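Q: Listed below are the residues making up each chain.
2 protein chains.
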Amino acid sequence: MTSKPQTTPASLATEELRGIDAYWRAANYLTVGQIYLLDNPLLREPLRLEHVKPRLLGHWGTSPGLNFIYSHLNRVIRQRDASIIYICGPGHGGPAMVANTYLEGTYSELNPDISLDEAGLRKLFRQFSFPGGIPSHAAPEVPGSINEGGELGYALSHAYGAAFDNPDLIVACVIGDGEAETGPLAAAWHSNKFLNAKEDGVVLPILHLNGYKIANPTVLARMPENELASLLIGYGHAPLFVEGDEPAVMHERMASVLDEAVQRIRAIQLEARGGGGRGQKGRPRWPMIVLRSPKGWTGPKEVDGQKTEGFWRSHQVPLAGLAADPDHLKLLEEWLQSYRPEELFQEDGSPIAEILATTPVGTRRMSGNPHANGGILRKTLVMPELAPHAIEIRQFGETKAEATRVMGGFLCAVMQANEAARNFRIVGPDETASNRLQDVFDVTDRAWMEEVLPEDTHLGPDGRVLEILSEHTCQGWLEGYLLTGRHGLFSCYEAFIHIVDSMFNQHAKWLDASRDIPWRRPVSSLNYLLTSHVWQQDHNGFSHQDPGFVDVALNKKADIVRVYFPPDANTLLCVTDHVLRTWDRINIIVAGKAPSWQWLSLDQARAHCEAGVGIWEWASSRGSGEPDVVMTCAGDVPTVETLAAVQILREHMPALNVRVINVVDLMTLQPREVHPHGLPDREFDALFTTDKPVIFAYHGYPWTIHRLTYRRTNHANFHVRGFNEEGTTTTPFDMTVLNGLDRYHLVLSVLDRTQAAKSRGAHLKQMMQERLLQHHDYIRARGEDMPEVRDWKWTTA
Amino acid sequence: MTSKPQTTPASLATEELRGIDAYWRAANYLTVGQIYLLDNPLLREPLRLEHVKPRLLGHWGTSPGLNFIYSHLNRVIRQRDASIIYICGPGHGGPAMVANTYLEGTYSELNPDISLDEAGLRKLFRQFSFPGGIPSHAAPEVPGSINEGGELGYALSHAYGAAFDNPDLIVACVIGDGEAETGPLAAAWHSNKFLNAKEDGVVLPILHLNGYKIANPTVLARMPENELASLLIGYGHAPLFVEGDEPAVMHERMASVLDEAVQRIRAIQLEARGGGGRGQKGRPRWPMIVLRSPKGWTGPKEVDGQKTEGFWRSHQVPLAGLAADPDHLKLLEEWLQSYRPEELFQEDGSPIAEILATTPVGTRRMSGNPHANGGILRKTLVMPELAPHAIEIRQFGETKAEATRVMGGFLCAVMQANEAARNFRIVGPDETASNRLQDVFDVTDRAWMEEVLPEDTHLGPDGRVLEILSEHTCQGWLEGYLLTGRHGLFSCYEAFIHIVDSMFNQHAKWLDASRDIPWRRPVSSLNYLLTSHVWQQDHNGFSHQDPGFVDVALNKKADIVRVYFPPDANTLLCVTDHVLRTWDRINIIVAGKAPSWQWLSLDQARAHCEAGVGIWEWASSRGSGEPDVVMTCAGDVPTVETLAAVQILREHMPALNVRVINVVDLMTLQPREVHPHGLPDREFDALFTTDKPVIFAYHGYPWTIHRLTYRRTNHANFHVRGFNEEGTTTTPFDMTVLNGLDRYHLVLSVLDRTQAAKSRGAHLKQMMQERLLQHHDYIRARGEDMPEVRDWKWTTA
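Top to bottom, those sequences are chains P and D. So for the first sequence, the numbering used here puts the first residue at 27; every next one is plus one. So for the second sequence, the numbering used here puts the first residue at 27; every next one is plus one.
Since the hints were made in silico from the structure, they are not lab data. Hints are supplied without guarantee of correctness; some may be wrong.
Said to hold, decoys possible - To give a feel for the contact side, a few chain P residues facing chain D, derived at Cβ under 8 Å:
hint	residue
1	158
2	210
3	456
4	498
5	570
6	646
7	650
Claimed, not checked - SDA-like, lysine to any residue: derived pairs with alpha carbons at most 25 Å apart:
hint	chain 1	residue 1	chain 2	residue 2
8	D	149	P	802
9	D	219	D	275
10	D	333	D	389
11	P	582	D	564
12	D	582	P	728
13	D	224	D	389
14	D	582	P	766
15	D	426	P	82
16	P	149	D	806
17	P	582	D	479
18	D	149	D	275
19	P	819	D	652
20	D	583	P	742
21	P	583	D	582
22	D	582	P	584
23	P	791	P	779
24	P	333	D	479
25	P	583	D	750
26	P	333	D	469
27	D	219	D	465
28	P	356	D	582
Keep in mind the model is a prediction, meaning the values are calculated, not measured. C-beta: ideal position from N, C-alpha, C; glycine also.
Sequences are here, hints too, so could you generate the full structure?
A: Below is the structure:
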C-alpha cells in the first residue's frame, strides 16, 4: 500500500456498521435472486427446481463489489447531505444496480408494480434478463444511471461530462479492472486536466480491482502494486487503497477512506472557491480510491472442486446446470441463505427499517438524483438571432465565404447568450480553430488547468471549449454533459468521426431505449459538425478521406438520427439553429470550412431548410412542363459542381430542360413510413419525376442514396455520383474529378442519359472529355486547378 | 529529470558528431524543400516565387525531431549491426520520413526516377503533397513504414505487433505527444505485459514531446515532469530523458541515452536467453526515451512577430502567403540556407560522403529492413487437413454442433502445424474461450508475463494467444504482426468490432494503396471471426447487438474485402481454411457459437463454399421448372429459420414450388463489375429468377442486401428480412420474432407474395399468426421457447 489516509476517522459505530452490512447483504441477496429465482423470493420454503429460472443469465462477479461501494456512498451522502451520482462502469453489474435502486425505494416509485413487498420481489427477480423484462446491464431502465456498461470504456469520460459545470456534484465513477484495459478509459484519466475546481463538480474514480475478466486476470490487478500506484499518480490522482475480503474490516476501511476522499475534495474546493478561495490556480491532485476485493465476493468459494470466489469462474453464473445437478441447487440455497434473508426482510417482504435507515431520501438517493435524469434539469438554450450572422446575398452565387466560420460567429453568440447558465459546451480533438469555429474564442477559452505560458492563446481554467486529441474522450464528455441536462456540439474532422462509431451506436441505443421509459425526460440532442471533409483535404490524403459515418448512422432507428448537408453558410446557420433546439436526437451536420460559393439569403435558407429538399427554380430551366433531366445535389461541393454543370448545359444545350434539386435533409429521401422526415411518395415523385433521369451528386458513398431511395418509383433512373474511395492528396477539384463527381463528368452523365441531349450531344461530349484531359495535364504540371475552374462563377441567366 | 543513464558512454568523437549533424541538417533541408520547392532545389540561384509551390501543404512541426531520432538510430545500427525498424507515430512527419529514406538511398533504388542528384531532388520536392505525387503522411509509399500516421493512435500497438516473434528486432516507436492523448495509444502502453524477452523482439518507445498539437499544448508535455515520469514508470517502463534545443548538446545526450537504452535491452535479453539465460521470468522493466525538443526545431523563430519555433504555429507551414509577402520569401530562403546546403550536397546534387557514411547499408537501413515490407519474409502457413475436424453428416440437419468450437479444433491444428515457424497468432479481447475457440489452449497458452497463480489456467510467457480487453490493441497488434510477414486471426464479439471501425478503414486503405506500389510484397490477410453475434446474446442485451460492421466494410474498395456467412460448422471450416491462405485482403467471417443444426458434409461444404452461393436442392421442392418462390438465407440463424419455414410450407402447401438458396460469400450478390466474386448477371438471374418473389433472410441489416442487389434484374421482387434494430435480452428465437426473421414471419411473407399461395393460404396464414401469439405468451410466461421451436428438426422429405 503506497498511500494511506492522512487522518483516520473514529471507528464506525457498531450500529451504523451493522446497518450498512445488513444493507449490503440485502443488496447481494437481491442480486443473486434476480439472476436465479422465478419464485419463492424470500426462501420461505425449501428451494426447488421450479423456483429457479430455466435459463440462468446475468453476471454475479462484479456485483457484490458494486453493492459494497453503493452502501458506503449512501453513508457519505447521509452524513454530509452530499449530492452524488453513481456511474457503474462494470455494466455487467446490472442486477446490482437494480438491487440498490430497489432498496432505496426509487425502483418501486417509478415502477409501481415492482412494489417493496414479496409480490414486488417476485416480479423484480423474474423480470431480470427475462423475455419482455429488463436487460442485464445498467441500461437506461436503471434509475440513477447515465452510463450503459454493455460496451466497456466510457464510464470515466461520462463521469467528467456529468461533473462539468455542476459545482455541487460528486460523480462517483466505478471503473472495472477489465474496462480499465480499454483505450477510451485509459485516455479519459487525463480528463482531470480539464476540470475546474471552482466551477465544476468532481469525479471520484473508484478503480474496482476484482482481478479477473471473463476468463483471464486483468492487467491492472496483476501489476506490482507500486507500479499501479505510480500509474495512478501519473494520471494526476492521489490514490487511496482499500484491500481485503473480510467484510467487517473492509467496511471500516472503506468508510474511513471514503471520508478521507470526500474531505480532501472539499478542502480542494474550499480553497478554490471560498471567501478566501484563490480560484482555480494550477491543477489539484484529486483523490481516488482503489478497491481490491474478490470477484464474486461472498459467493460460492468452490464449485465442483474449482476455485470460484476470487476467480474468473464467478464472472457470470457461478452455479449452473441446476436441473442436472441437485448439489448445485443445494449450494444455491445455501448461498442465498448465507445472507440471512429472514433478518433482512419483514413479514410482508419489505426491507427492515435498519436497512431503510441507511439509505438517503428523495433526490439525495443516487437513483433519484435529478442529474442522472438530466431532462428534469434541462433548460432550453437561449438562441440568439440568426440575422446578424448571416451572409448578405443579393445574387445567387455572388460571394464566397467559409461556412463553418460563419457558424462559429453564431456559436459565439450562443455561448454568450447562455454564459450565465453555463450549460453549453463545444468539444473537439484540437480542431475548433482548424474547423474555423475560432470566433468562439472571442468570448471564451479552451479549458486548461495546467500551466499557461505567455505565448499561449485562448487557454484558461474557465474555458468552455474542451479540446483533447481523443475523439473518444470528446464524445464521452459530451454524452455525459447532455445526459445530465445540458447542451453541446462536437466538431470533428469527418473521416475521424469513425473513431467513435461504436460510442455513437451505444448512445443511439440509449436514446432509443429511453423513449420507452416514461420517467426518463428528454435530453438535448447530440450534435455533430463534421467538417474538414472528404473533398477538402489539401494538407492530408487518403487517410483523412471517409464520408461513411452517415452509413453507420443510418443503421440506427430512423427517428433518432438526422443528417444534414447544408450547401452554404446561411443554410448551415439555419440547420445549426434548428439542431440546438432539438432533443433526444443525434444530428449530423456535414459542412465545409473552405471558402466556397454562397447561394441562399437567410430567408431563402430558412424556407429551404424547413422543406429539407426542394427545387432551386433560379438554377433550373425556365421551360414549363416536366424536365428532361433532374440534377440533384446534397453537400456543398456537389452543389457547386452541379451548378457548374448546369451552367455548361445552359450554355451549350439551351433547349434541355434541367431541373435542379438540392437536398439539405438526407432523411427526406426515405419513405415516410421509414422516417418521419421522409417525403410522401407523391411529393417525391413530383420532385424527382417518375421516369426522367436523375443525376445525383452526393457528398458521400453513392450507394447510400440508392439505399435510401430504392423503394421510390423513379429509382431505376437514379444515377448517383459520389465518393468512390478514390482518395489522395490533391486539390478539392481534382478529388471530384478522380471520383467522377466534377462538372464535366456530370455533364457527360446527362448526355449519356437524355434523349434530348443525344441528338446534339456529340460535340459537347467531346468538349467535356477534352476538358478532363486538360485538367489532368494542367494540375500535374502546375499543382493547382485550371483558371477555368478557379475563376468559375455562377451567372444568373 | 528524474532518471539518468546509469553509465555515460564516452563523448562522441567530434567527427562522428559532425557527420550526424550534417545528416540531420540534410534531412531537415530535404523536409523543408519538399514542403516548399518546385524548383531550384539546391538554391543555386536566389529563391524566386516561381521556385515555390503554388499550394503550400505539409507539416513541418514534428519533422526535425523525427529526423534527429532517425540520425541517431542510424548510429546505433551501424555501431551494433542492429536490426531496427522505425515506426513514425506522428504521421504528419511524412516529408521527414521520405527525406531519410532518400538519404539512405532506398528511395532512389525503389523509385529510380527520383535519383540521388539534382534532377532527383527536384522530383522529390515536387511530388510531395502534389497532385499525382505522394501523400503527406508516412503512407505505404514510404519505404520502411508499417504505420500510416494519418489517423493517430496506433503506432505503439503496431510496434508490438512487429516485435512479437521477431527476437532480433528492435522496433523504435516514435510517439507524438498529440497521439499520446488518444485512447488506442494510451491502452497500448500495457502491451509490454505481453512481450516475451526470450522469444520476442523489443519495442523502444520514444515519446517525442514537442509540446503542441494543431493549436494547443499537449497534455503530456505540460504535465509536471515528476507526474510524467510516474506515469511512464506506471506503464512499466524505465524512462530516459533527453531534453533541450541546443543541437550539439542534444546530439551528445541523445547518443548517450540511446546507447544506454540499447545496452539495457541487450542485458535483459541476455539474461532471458543466453546460455546462462533464465528464460522469461516475470516482466522486465524495459527502457524508453522521452525526447523533449521544440516543435519546428531549427525553423523560423518568429513570423510576423509571433512565436513560431517551439510553438504550435510551426505545426504545418510556418511561412505562408509568399506571393503576398516578399519578406516571407526572404525568410524561407534564409531558413533553407541556414542548413548550409552547399556543404551537404555535392556538385551533382548527391549528398556528401560524410553524410552517406552515417547511414547503415543494405537491409540494415531502416527503410530497407525486410521486416517493414513483411511480404518479403512471409512464409505460407502450413495448413492441416480439414477432414479430421469436420462434423460427420449423414443426413442434412441430423445433428447439432457449436460451429466455432469445431473451428477451434482446426485452429489448434493450425497452431501446431506452424509451431516451429512461430508465425501464427490469435488475438482477442478476452473472448477466445467465450467464443468457443478454447481447443487452441490444448497446445498453447495466453501470453502473460505477470505473476501466474496456482489457480490460473492457460496462462504463460510462451502463449501464442494474445488477449487484452482492448479491441484497439488487438487490432493494432494483429496489423503489425501481418505487416511484418506473419499470419493471424482476430476473434471478437460481433457488436464490439465497431470499436475498430476506423482502424479497419485505415488498414483497408493501406492495403488498397499498397497494391499500386510494386515493391510492397503481399502480406497475409486480416481475418476476423465475428461471433457471439446479434442473434445469440442470451446473457446480454441491446448493447451487444449490432451486425453493422459489414456495412462499414462494404464501403471500402470491393476487392479488398470479403464477407462470409458460413451456415454451419463444416462450411466454417472451409471458409477458415480458405481465408488463412489468402493475402492482401480483409476477410470477415460471421458465425455463431451456440449449438445449432448442421447441414453439409465436408465435401458438400467445400463445393458450396467454392461457389459462394447455390441452390440447396435437397431442401428445395422437387418439381421441375421455375420455382414459385425463392427462399434465400445468409447466416446461420437465418438458415435455420428459412429451413423451418420451408418445412412448414412443404407440409401445408405441398404444391408450392420452393427454391432454397444459401449465400456463404456475400460478395457474390454484387455485380461482377463491382466485385470479382460477383455473379455474372446471367448466373444471378438463373438462381434468383427474373420475376419470382425472393424472400431473403439475412443475418444483418436488410438494406445491405438491397444495396448489393439493386442493379439486378429481379431486385424489385426481393423482400429482405434481417435485423431491424429491435434488440433486447431474450432467447435467440424470440430475437428473430421481434425482428420478423423467424419461420412464421417468413411463411407469412411467402403467402403475401405468391399467387400460388394466395388461393389456399388463408388457413396457413391464420395458423402462423396463432403461432406467433402462442410464442409471445409462452415465452413471457416461461422465459424459454415453445417446445415446437425447441424440438424442431429438419425432416428430409
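Q: Taking the hints in turn, state whether each one holds.
A: Status of the hints after comparison with the structure:
{"no.": "1", "hint": "158", "result": "holds (5 Å)"}
{"no.": "2", "hint": "210", "result": "holds (4 Å)"}
{"no.": "3", "hint": "456", "result": "holds (4 Å)"}
{"no.": "4", "hint": "498", "result": "holds (4 Å)"}
{"no.": "5", "hint": "570", "result": "holds (6 Å)"}
{"no.": "6", "hint": "646", "result": "violated (28 Å)"}
{"no.": "7", "hint": "650", "result": "violated (32 Å)"}
{"no.": "8", "hint": "D:149 - P:802", "result": "holds (18 Å)"}
{"no.": "9", "hint": "D:219 - D:275", "result": "violated (35 Å)"}
{"no.": "10", "hint": "D:333 - D:389", "result": "violated (42 Å)"}
{"no.": "11", "hint": "P:582 - D:564", "result": "holds (21 Å)"}
{"no.": "12", "hint": "D:582 - P:728", "result": "holds (12 Å)"}
{"no.": "13", "hint": "D:224 - D:389", "result": "holds (24 Å)"}
{"no.": "14", "hint": "D:582 - P:766", "result": "holds (17 Å)"}
{"no.": "15", "hint": "D:426 - P:82", "result": "holds (21 Å)"}
{"no.": "16", "hint": "P:149 - D:806", "result": "holds (12 Å)"}
{"no.": "17", "hint": "P:582 - D:479", "result": "violated (44 Å)"}
{"no.": "18", "hint": "D:149 - D:275", "result": "violated (35 Å)"}
{"no.": "19", "hint": "P:819 - D:652", "result": "violated (58 Å)"}
{"no.": "20", "hint": "D:583 - P:742", "result": "holds (24 Å)"}
{"no.": "21", "hint": "P:583 - D:582", "result": "holds (24 Å)"}
{"no.": "22", "hint": "D:582 - P:584", "result": "holds (24 Å)"}
{"no.": "23", "hint": "P:791 - P:779", "result": "holds (12 Å)"}
{"no.": "24", "hint": "P:333 - D:479", "result": "holds (12 Å)"}
{"no.": "25", "hint": "P:583 - D:750", "result": "holds (8 Å)"}
{"no.": "26", "hint": "P:333 - D:469", "result": "holds (23 Å)"}
{"no.": "27", "hint": "D:219 - D:465", "result": "holds (24 Å)"}
{"no.": "28", "hint": "P:356 - D:582", "result": "violated (55 Å)"}
In the structure shown, a violation is registered for the earlier hints numbered 6, 7, 9, 10, 17, 18, 19 and 28, in ascending order.
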